[in-house]
Amino acid sequence: MTRRDAANRRRGMLLLAPTILALGALTVYPGVWVLWLSLQHRIPIFDVSRFAGLDNYAFLAVDPRFSNAARTTAVFTVTSVALEVVLGVTAALAIHARRGGRRLALSFLLLAWAMPAVVTAKLFEWLYHPTAGLINVALGARSINWLGDPRLALPAVVLADVWRTMPFVAILCYARLLAIPAELYEAAQVDGAGRLATLTRITLPMLARILLVAVLFRTLDALRAFDIMFVLTGGGPAGTTETLTVYAYRALFQTLQLGFGSALSVVVFLLVMAVAWAYLKLLRAGTVAA
Amino acid sequence: MRSSPGGVSSPLPSLLVVWLLALGGCLGGPPEGGPVTLVFKYARILGSADPLPGLLRSFEASHPGVRVNGEALPWTSDDQHQFYVINLEGRSPGFDVMMLDCIWVPEFARAGWLTDLTTHLRPDELAPYFASAVAAATYDGRVWALPWNFNVGLLYYRADLLAKHGLRPPETYEELVDQVRRIRIGERDPALHGYLWQGKQYEGLVVNVLEALWANGARLLAEDGTVFPEPARAADALRFLRGLIETGVSPAWTTAADEELSRRAFGDGRAIFLRNWPYAMELFEGADSAVRGKVAFVSLPGRARGERGAGSTGGAHLGVSRRSRYPELAVALARHLTSEPAQRAIALGAALSPTRQALYRDPELVRAHPAMPQLHAFALAGRPRPVTPYYLLLSSTVQPEFSAALVGVKPPERAIADARARLSYFLEAIR
Chain P
19 MTRRDAANRR
29 RGMLLLAPTI
39 LALGALTVYP
49 GVWVLWLSLQ
59 HRIPIFDVSR
69 FAGLDNYAFL
79 AVDPRFSNAA
89 RTTAVFTVTS
99 VALEVVLGVT
109 AALAIHARRG
119 GRRLALSFLL
129 LAWAMPAVVT
139 AKLFEWLYHP
149 TAGLINVALG
159 ARSINWLGDP
169 RLALPAVVLA
179 DVWRTMPFVA
189 ILCYARLLAI
199 PAELYEAAQV
209 DGAGRLATLT
219 RITLPMLARI
229 LLVAVLFRTL
239 DALRAFDIMF
249 VLTGGGPAGT
259 TETLTVYAYR
269 ALFQTLQLGF
279 GSALSVVVFL
289 LVMAVAWAYL
299 KLLRAGTVAA
Chain Y
9 MRSSPGGVSS
19 PLPSLLVVWL
29 LALGGCLGGP
39 PEGGPVTLVF
49 KYARILGSAD
59 PLPGLLRSFE
69 ASHPGVRVNG
79 EALPWTSDDQ
89 HQFYVINLEG
99 RSPGFDVMML
109 DCIWVPEFAR
119 AGWLTDLTTH
129 LRPDELAPYF
139 ASAVAAATYD
149 GRVWALPWNF
159 NVGLLYYRAD
169 LLAKHGLRPP
179 ETYEELVDQV
189 RRIRIGERDP
199 ALHGYLWQGK
209 QYEGLVVNVL
219 EALWANGARL
229 LAEDGTVFPE
239 PARAADALRF
249 LRGLIETGVS
259 PAWTTAADEE
269 LSRRAFGDGR
279 AIFLRNWPYA
289 MELFEGADSA
299 VRGKVAFVSL
309 PGRARGERGA
319 GSTGGAHLGV
329 SRRSRYPELA
339 VALARHLTSE
349 PAQRAIALGA
359 ALSPTRQALY
369 RDPELVRAHP
379 AMPQLHAFAL
389 AGRPRPVTPY
399 YLLLSSTVQP
409 EFSAALVGVK
419 PPERAIADAR
429 ARLSYFLEAI
439 R
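From first to last, the protein sequence lines are chains P and Y.
19 is the number of the first residue of the first sequence in our numbering; add one for each residue after it.
9 is the number of the first residue of the second sequence in our numbering; add one for each residue after it.
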């Protein structure tokens, strides 16, 4: 038995080896390399390559463009994920409650979700068009400067992102709703629970775990958001929609400051890892409690 | 039960074979021998007919045994730059002749990615080109690219409206503002915009602000490398642009406008003046244009008590990759594509302006584009953006600062000061 176990184990390792090798080559190696780059002044096209220690991180600490991008990323993530959860749960409950039009509603939701972010951004670019855009025309031909006003640009970007990704939350929740046993609701009815009590005592608690998973995915995506703002506003006006990833892109690929850009990427990576770790802890705590 | 030893071990050999095959596929190089193939990287040209395939075939006809593959670049300028940087820094020999935005030439030359063309050229070979186009292709006293097509900022105006109100095209921005006021009072049309330009946070904003700086006697970069050598005049120019928006001469959405947004609004007959590139004229003269026959252009205005106006120049150049295996042939191809017949074909088939001055008086071209001779004079007066290897660093650093001044969240003086401070940190690492 034990010999066979050992053999199985070896075979298992052998089968896993390609995956582990590939992961190592594709994630660990570049990751370590980026970390190493971030400790240097490295601008290859100007033949600049020297050790900088923590210089790049020290500059980030006092860089107003970095703190602005960090704030923008935080505001974007919190507002878009919050709206996605509220709207997503509402949409899931609405679809679950109604019999008619369920298929149609689901396909519309999937359509929005299936669209590439760049296409969504282009779509919203037209919707927000200052003179011919549907939104301004619908508002009575008022010329609201959606993408050119520093107070409106970030909300406009958030709205576009919510439209695209709310369906993800809605569909996950809808799937969970289908799996809640009907007996639970019958029992609640017998106990005389009203609609509000049923919602807050049964439906929402049953949704909690799947919501946590959805929020985890959405938060990680939102922290790394790039295409929507890159296409819609390019980070403007006045840098009000420039997220950390857009800033890192400009440093890395436009101005080719590999050292400085890598330091930015490392910060984004640490941020994403910290958030992921916090969520996973929450999820695990939830599992133990349940 | 299904995971019996025999069942598991049998797929192993085939798994290994698949792995080896995959590896072999990755390592396999291009086949050796056969005819010489040159690769030309370019962005597809918009227009009535793409003249490029025909030009590549005619090069093949005059060079037996040579094949030219035209390969498309990504659509946006940012993506094209990224494509080149990754491939050239990675020493890819994947292409020979490259279409380059003129602002990249000094950067690529400094990086050692371009073949020095100076020795390949005859002494007077660049004389027929616009001097500002040649200047943009020159770095460190050497020539690194051949100018291929040319752009210059122009002031479009509604000739019908100006004539109706007895006005001549403005020579200064102050006159322009006054004319906007008068025409609007006369027309009593609240939906008619005054002056449209590009104020979105992108490269176009830098171009527009540069033109305002020059008209006000200010520069972004001095010859000795000083950033904003005339900071007070630069701030004044930004304040003037902000004033255009505040007073309603330019609509509030100017801060989100790029070339196409402003071009469409003007093309719909909703504005009196527009700053744009030469390509717009052909679209305004199109059969379904609302402003057909009503549009003319002049040089960009200057400032009262300031300098004469000058449009910023732009355009595409052709460079030869340092990694090309056939540099002589690649230079010949770049030369063929920038020759007079080739540029004539491109100007006829697409709405792109030539870099050779003689073509602006070419009978065939003037018949197709009657505004050509006039465009020549304004193109001659055009000024290039700062010709420096770190232009993109310069541009991407000043963009948010200029934008902040335009939308009014930062006083112009502070925007200029902040941009200077940031640039000095980055430039310190380079110098």
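Just so you know, the hints here were simulated from the structure itself, not pulled from any lab data.
Just so we're clear, the structure is a prediction, and the values are computed from it rather than from any experiment.
All residues carry an ideal CB built from backbone N, CA and C; glycine is no exception.
Among the clues, some could well be false.
Stated by the list, open to error - Once the Cα atoms are required to be at most 20 angstroms apart in a straight line, the calculated SDA-like pairs of lysine to any residue come out as:
#, chain 1, residue 1, chain 2, residue 2
1, Y, Lys418, P, Phe84
2, Y, Lys418, Y, Pro239
3, P, Lys140, Y, Gly202
4, Y, Lys418, P, Leu172
5, P, Lys140, P, Met224
6, P, Lys140, P, Gly151
7, Y, Lys302, Y, Glu421
8, P, Lys140, Y, Thr84
9, Y, Lys418, Y, Gly202
10, Y, Lys418, P, Asn86
11, P, Lys299, P, Leu229
12, Y, Lys418, P, Asp167
13, P, Lys140, P, Leu172
14, Y, Lys418, P, Phe244
15, Y, Lys418, P, Arg169
16, P, Lys140, Y, Gly301
17, Y, Lys172, Y, Gly301
18, Y, Lys418, P, Pro82
19, P, Lys299, P, Phe244
20, Y, Lys172, Y, Gly194
21, Y, Lys172, Y, Thr84
22, P, Lys140, P, Arg121
23, P, Lys140, P, Pro173
24, Y, Lys418, P, Leu229
25, Y, Lys418, P, Val80
26, Y, Lys418, P, Pro168
27, Y, Lys418, P, Ser85
28, P, Lys140, Y, Gly174
29, Y, Lys302, Y, Asp197
30, Y, Lys302, Y, Gly202
Said to hold, decoys possible - Interface residues of chain P toward chain Y, partial, derived using beta-carbon atoms under 8 angstroms:
#, residue
31, Phe64
32, Ser67
33, Leu141
34, Trp144
35, Pro148
36, Gly166
37, Leu172
38, Pro173
39, Thr218
40, Gly254
A quick look at each hint next to the structure:
For the hint pairing Lys418 of chain Y with Phe84 of chain P, the CA-to-CA distance comes to about 17 angstroms; that is within 20 angstroms, so the pair holds. Distance check on the hinted pair: Lys418 of chain Y and Pro239 of chain Y sit about 15 angstroms apart at the alpha-carbon level, within 20 angstroms; holds. As the CA atoms of Lys140 of chain P and Gly202 of chain Y are separated by approximately 27 angstroms, the hinted pair breaks the 20 angstroms bound. About 18 angstroms separates the Cα atoms of Lys418 of chain Y and Leu172 of chain P, which keeps this hinted pair within 20 angstroms; it holds.
The hinted pair formed by Lys140 of chain P and Met224 of chain P fails the criterion: a straight-line CA distance of about 37 angstroms is larger than 20 angstroms. A distance of roughly 12 angstroms separates the Cα atoms of Lys140 of chain P and Gly151 of chain P; the hinted pair therefore holds under the 20 angstroms criterion. Restraint check: the Cα-Cα separation between Lys302 of chain Y and Glu421 of chain Y comes to about 40 angstroms, which exceeds 20 angstroms; the hinted pair is violated. About 14 angstroms separates the Cα atoms of Lys140 of chain P and Thr84 of chain Y, which keeps this hinted pair within 20 angstroms; it holds.
Of the pairs offered as hints, the one joining Lys418 of chain Y and Gly202 of chain Y is violated, with about 25 angstroms between alpha carbons and a cut-off of 20 angstroms exceeded. Taking the CA atoms of Lys418 of chain Y and Asn86 of chain P, the gap is about 14 angstroms. The hint holds against a cut of 20 angstroms. For the hint linking Lys299 of chain P to Leu229 of chain P, the alpha-carbon distance of about 15 angstroms falls within 20 angstroms, and the restraint holds. As the CA atoms of Lys418 of chain Y and Asp167 of chain P are separated by approximately 13 angstroms, the hinted pair is consistent with the 20 angstroms bound.
The straight-line distance between the Cα atoms of Lys140 of chain P and Leu172 of chain P is roughly 16 angstroms, inside the 20 angstroms bound, and the hint therefore holds. Between Lys418 of chain Y and Phe244 of chain P the alpha-carbon distance is near 25 angstroms, which puts this suggested pair outside the 20 angstroms criterion. For the proposed pair Lys418 of chain Y and Arg169 of chain P, the alpha carbon gap of about 14 angstroms is at most 20 angstroms, so the pair holds. Taken as a hint, the Lys140 of chain P and Gly301 of chain Y pair is broken in the structure, with Cα atoms around 32 angstroms apart against an allowance of 20 angstroms.
Note on Lys172 of chain Y and Gly301 of chain Y: the hinted pairing holds, with a Cα-Cα distance of about 14 angstroms set against a maximum of 20 angstroms. With a C-alpha separation of about 13 angstroms, the suggested pair Lys418 of chain Y and Pro82 of chain P falls inside the 20 angstroms cut-off, and the hint holds. Restraint check for Lys299 of chain P and Phe244 of chain P: the C-alpha separation of about 27 angstroms exceeds 20 angstroms, so the hint is violated. At roughly 10 angstroms between alpha-carbon atoms, Lys172 of chain Y and Gly194 of chain Y fall within 20 angstroms of each other, so this suggested pair holds.
Straight-line distance between C-alpha atoms of Lys172 of chain Y and Thr84 of chain Y comes to about 40 angstroms, which puts the hinted pair past the 20 angstroms bound. With a C-alpha separation of about 27 angstroms, the suggested pairing of Lys140 of chain P with Arg121 of chain P is violated against the 20 angstroms cut-off. A distance of roughly 16 angstroms separates the Cα atoms of Lys140 of chain P and Pro173 of chain P; the hinted pair therefore holds under the 20 angstroms criterion. The hinted pair formed by Lys418 of chain Y and Leu229 of chain P fails the criterion: a straight-line CA distance of about 41 angstroms is larger than 20 angstroms.
Proposed proximity of Lys418 of chain Y and Val80 of chain P is supported: the alpha carbons are some 19 angstroms apart, at most 20 angstroms. Taken as a hint, the Lys418 of chain Y and Pro168 of chain P pair is honoured in the structure, with Cα atoms around 11 angstroms apart against an allowance of 20 angstroms. Our distance criterion of 20 angstroms between C-alpha atoms is met by Lys418 of chain Y and Ser85 of chain P, whose separation comes to about 17 angstroms. Distance check on the hinted pair: Lys140 of chain P and Gly174 of chain Y sit about 42 angstroms apart at the alpha-carbon level, beyond 20 angstroms; violated.
With a C-alpha separation of about 18 angstroms, the suggested pair Lys302 of chain Y and Asp197 of chain Y falls inside the 20 angstroms cut-off, and the hint holds. Of the supplied pair hints, the one linking Lys302 of chain Y and Gly202 of chain Y holds, its CA atoms being roughly 16 angstroms apart against a limit of 20 angstroms. Hint status for Phe64 of chain P: holds, given a least beta-carbon distance of 5 angstroms to chain Y, under 8 angstroms. Among the interface hints, the one on Ser67 of chain P is violated; its C-beta lies about 11 angstroms from the nearest C-beta in chain Y, farther than the 8 angstroms criterion.
With a cut of 8 angstroms, the hint placing Leu141 of chain P at the interface with chain Y is violated, because the nearest CB-to-CB distance is about 16 angstroms. Because the closest C-beta pair between Trp144 of chain P and chain Y is about 11 angstroms apart, greater than 8 angstroms, the hint is violated. This hint holds: Pro148 of chain P has a C-beta 4 angstroms from the nearest C-beta of chain Y, less than the 8 angstroms allowed. Evaluation of the Gly166 of chain P hint against chain Y yields a held restraint, the C-beta minimum of about 3 angstroms falling below 8 angstroms.
Checking Leu172 of chain P against chain Y: minimum C-beta separation of about 13 angstroms lies over 8 angstroms; hint violated. The interface hint given for Pro173 of chain P is violated, since its Cβ lies 14 angstroms from the closest Cβ of chain Y, which is over the 8 angstroms cut-off. With its C-beta approaching chain Y no nearer than about 43 angstroms, Thr218 of chain P sits outside the 8 angstroms limit, and its interface hint is violated. For Gly254 of chain P, the interface hint holds, since its Cβ comes within 8 angstroms of a Cβ in chain Y; the closest pair sits about 2 angstroms apart.
This entry does not satisfy hints 3, 5, 7, 9, 14, 16, 19, 21, 22, 24, 28, 32, 33, 34, 37, 38 and 39, going by the numbered hints stated previously.
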